[in-house]
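Protein chains: 2
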Amino acid sequence: MRYLITVEYFGKAFNGWQTQKEVISVQQTLEEVLSALLREKISITGSGRTDAGVHALAQKAHFDTNSTIPMNKIPLAVNTMLPEDIRITGIEEKAADFHAQYSAKRKTYLYKFYVSRTSSPIRRHTHAQILPPLDFKKMKDAAKILVGAHDFKAFCASGSLVKTTTRTLYRLELWQQGDEIFMEAEGNGFLYNMVRIIAGTLVYAGKSKLSEEDIRQALETGDRKKAGKTFPASGLYLKDVVYE
Amino acid sequence: MRYLITVEYFGKAFNGWQTQKEVISVQQTLEEVLSALLREKISITGSGRTDAGVHALAQKAHFDTNSTIPMNKIPLAVNTMLPEDIRITGIEEKAADFHAQYSAKRKTYLYKFYVSRTSSPIRRHTHAQILPPLDFKKMKDAAKILVGAHDFKAFCASGSLVKTTTRTLYRLELWQQGDEIFMEAEGNGFLYNMVRIIAGTLVYAGKSKLSEEDIRQALETGDRKKAGKTFPASGLYLKDVVYE
Numbered sequence: 016m017r018y019l020i021t022v023e024y025f026g027k028a029f030n031g032w033q034t035q036k037e038v039i040s041v042q043q044t045l046e047e048v049l050s051a052l053l054r055e056k057i058s059i060t061g062s063g064r065t066d067a068g069v070h071a072l073a074q075k076a077h078f079d080t081n082s083t084i085p086m087n088k089i090p091l092a093v094n095t096m097l098p099e100d101i102r103i104t105g106i107e108e109k110a111a112d113f114h115a116q117y118s119a120k121r122k123t124y125l126y127k128f129y130v131s132r133t134s135s136p137i138r139r140h141t142h143a144q145i146l147p148p149l150d151f152k153k154m155k156d157a158a159k160i161l162v163g164a165h166d167f168k169a170f171c172a173s174g175s176l177v178k179t180t181t182r183t184l185y186r187l188e189l190w191q192q193g194d195e196i197f198m199e200a201e202g203n204g205f206l207y208n209m210v211r212i213i214a215g216t217l218v219y220a221g222k223s224k225l226s227e228e229d230i231r232q233a234l235e236t237g238d239r240k241k242a243g244k245t246f247p248a249s250g251l252y253l254k255d256v257v258y259e
Numbered sequence: 016m017r018y019l020i021t022v023e024y025f026g027k028a029f030n031g032w033q034t035q036k037e038v039i040s041v042q043q044t045l046e047e048v049l050s051a052l053l054r055e056k057i058s059i060t061g062s063g064r065t066d067a068g069v070h071a072l073a074q075k076a077h078f079d080t081n082s083t084i085p086m087n088k089i090p091l092a093v094n095t096m097l098p099e100d101i102r103i104t105g106i107e108e109k110a111a112d113f114h115a116q117y118s119a120k121r122k123t124y125l126y127k128f129y130v131s132r133t134s135s136p137i138r139r140h141t142h143a144q145i146l147p148p149l150d151f152k153k154m155k156d157a158a159k160i161l162v163g164a165h166d167f168k169a170f171c172a173s174g175s176l177v178k179t180t181t182r183t184l185y186r187l188e189l190w191q192q193g194d195e196i197f198m199e200a201e202g203n204g205f206l207y208n209m210v211r212i213i214a215g216t217l218v219y220a221g222k223s224k225l226s227e228e229d230i231r232q233a234l235e236t237g238d239r240k241k242a243g244k245t246f247p248a249s250g251l252y253l254k255d256v257v258y259e
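Read top to bottom, the protein sequences are chains A and B. Counting with the numbering used here, you get residues 16 to 259 for the letters of the first sequence. Counting with the numbering used here, you get residues 16 to 259 for the letters of the second sequence.
So that you can see chain A by itself, here it is in the shape it has in the complex:
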């Protein structure tokens, strides 16, 4: 049986999604608990990696099991065994050819900022700080340039091995609430660090460190140095993965 699970986790507690030697990953933590519960070695495949410190409101992952434990019993049983920084929030059955990564059609990321001269202790693991002054309208105008199908090579951390750096950004929305700014990005896929570089680029636009022309240039040339800096993991949330 192939199951797809939805997982929420607090990024601060883990060294990212993917299992690596000598650090605690979300994937490994889930595999250990699922293996203990289902009494067989379980391997899970996520919709993609998240870096150390990045949060997930709804990461998706699939695994196969021969266990006859009723599906709806699994989340509750697993959650009582998991550390409080991870929870399975949903489960569904999938066909044997379903794949959490390759079957994904769209992903949504949320990024949380706050604008303040002083760093905020309460928000240091959940938001990223922007120092004032900031022109919010300039951020919104810059976001419009990035929406659509583009070669996002300039918005990708170097060293990443992908066949193509072209991606479609369906939506890149920004809104304000009090001293906070939220950015939501929905696309057919995201390159390594792409959302964090978009976050940094929009902040640089809002601080007049990058003009609209600079951002167009970044898209055209694919030059990483022409985009903004990679903003912190602490503000980033994987919000949704859609399959069709």
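It is worth saying that the hints were derived from the structure and are not from the lab. The reader is advised that the hints may include incorrect statements.
Because identical chains share one entry, a pair is satisfied inside a single copy or across any pair of copies.
Within a straight-line C-alpha distance of at most 35 Å, the following computed DSBU-like cross-link-like pairs (lysine-lysine) qualify [said to hold, decoys possible]:
(1) K244 with K88
(2) K168 with K27
(3) K241 with K56
(4) K152 with K88
(5) K224 with K240
(6) K224 with K155
Knowing the structure of chain A, use the given hints to seat chain B on it.
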């Protein structure tokens, strides 16, 4: 010179505001850094204690110093020396007879809940969970009963030594946003654990574990057992202290 500082802190990182032996308090952390910067022994007096895990958006505290360092230089200098879980966000000069606790006229607390069957890893240090079902209107109706001048003895942790348990609650507001509920309480003073017991009482009302009549009885009899349980520190924020 007497100064009043505004302090934000992330409650999870400390064993409360007040200095105690062998645990790290906010007060002690601030005193050590201020003493080092101002080169004299500094004692600070807060507007009141906050328990372990309780956050402060704007705690207030006063201290005296003979230092000639310009007032406006103090927050930035102190903040670079403080752990990231505390920040001084404001400073002002006060008369010698001003007192952070006794001169306080009103305080505002904020409490953050979320309603979900599964506990939320991302919100575990910043909110308290309410299990569904919940009738939000019943919570709001219960809140109305508590507004005004009352003997809040039933809403006070036992063992607290105060002259009178009568307090005036000027405002007790509730609002929803997505799966979250916010409660804001403004009063002329609060008893030990009072906001957390009010939070628990309103949740019990929303879950029909307490009727409006039960809550009136709690106020009339002063019987702690007639109010709801003390809700977790993680959801509580000291939001403002007003002086006149």
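Hints, verified against the model:
1. Taking CA atoms no more than 35 Å apart as the test, K244 paired with K88 passes between copies only; the shortest distance there is 30 Å, against 44 Å inside one copy.
2. Taking the shortest alpha-carbon separations for K168 and K27, only the intra-copy value of 28 Å comes in at or below 35 Å, while the best inter-copy value is 40 Å.
3. Taking the shortest Cα distances, K241 and K56 never come within 35 Å of each other, neither inside one copy (46 Å) nor across copies (50 Å).
4. In this assembly of identical chains, K152 and K88 lie within 35 Å of each other by CA distance solely across copies; the values are 32 Å between and 48 Å within a copy.
5. In the homo-oligomer, the alpha carbons of K224 and K240 lie at most 35 Å apart inside one protomer (13 Å), although the nearest pairing across protomers, at 60 Å, exceeds that limit.
6. For a Cα distance limit of 35 Å, the shortest separation of K224 from K155 inside one copy, 15 Å, qualifies, whereas the shortest one across copies, 47 Å, does not.
In summary, the one numbered hint that this structure violates is 3.
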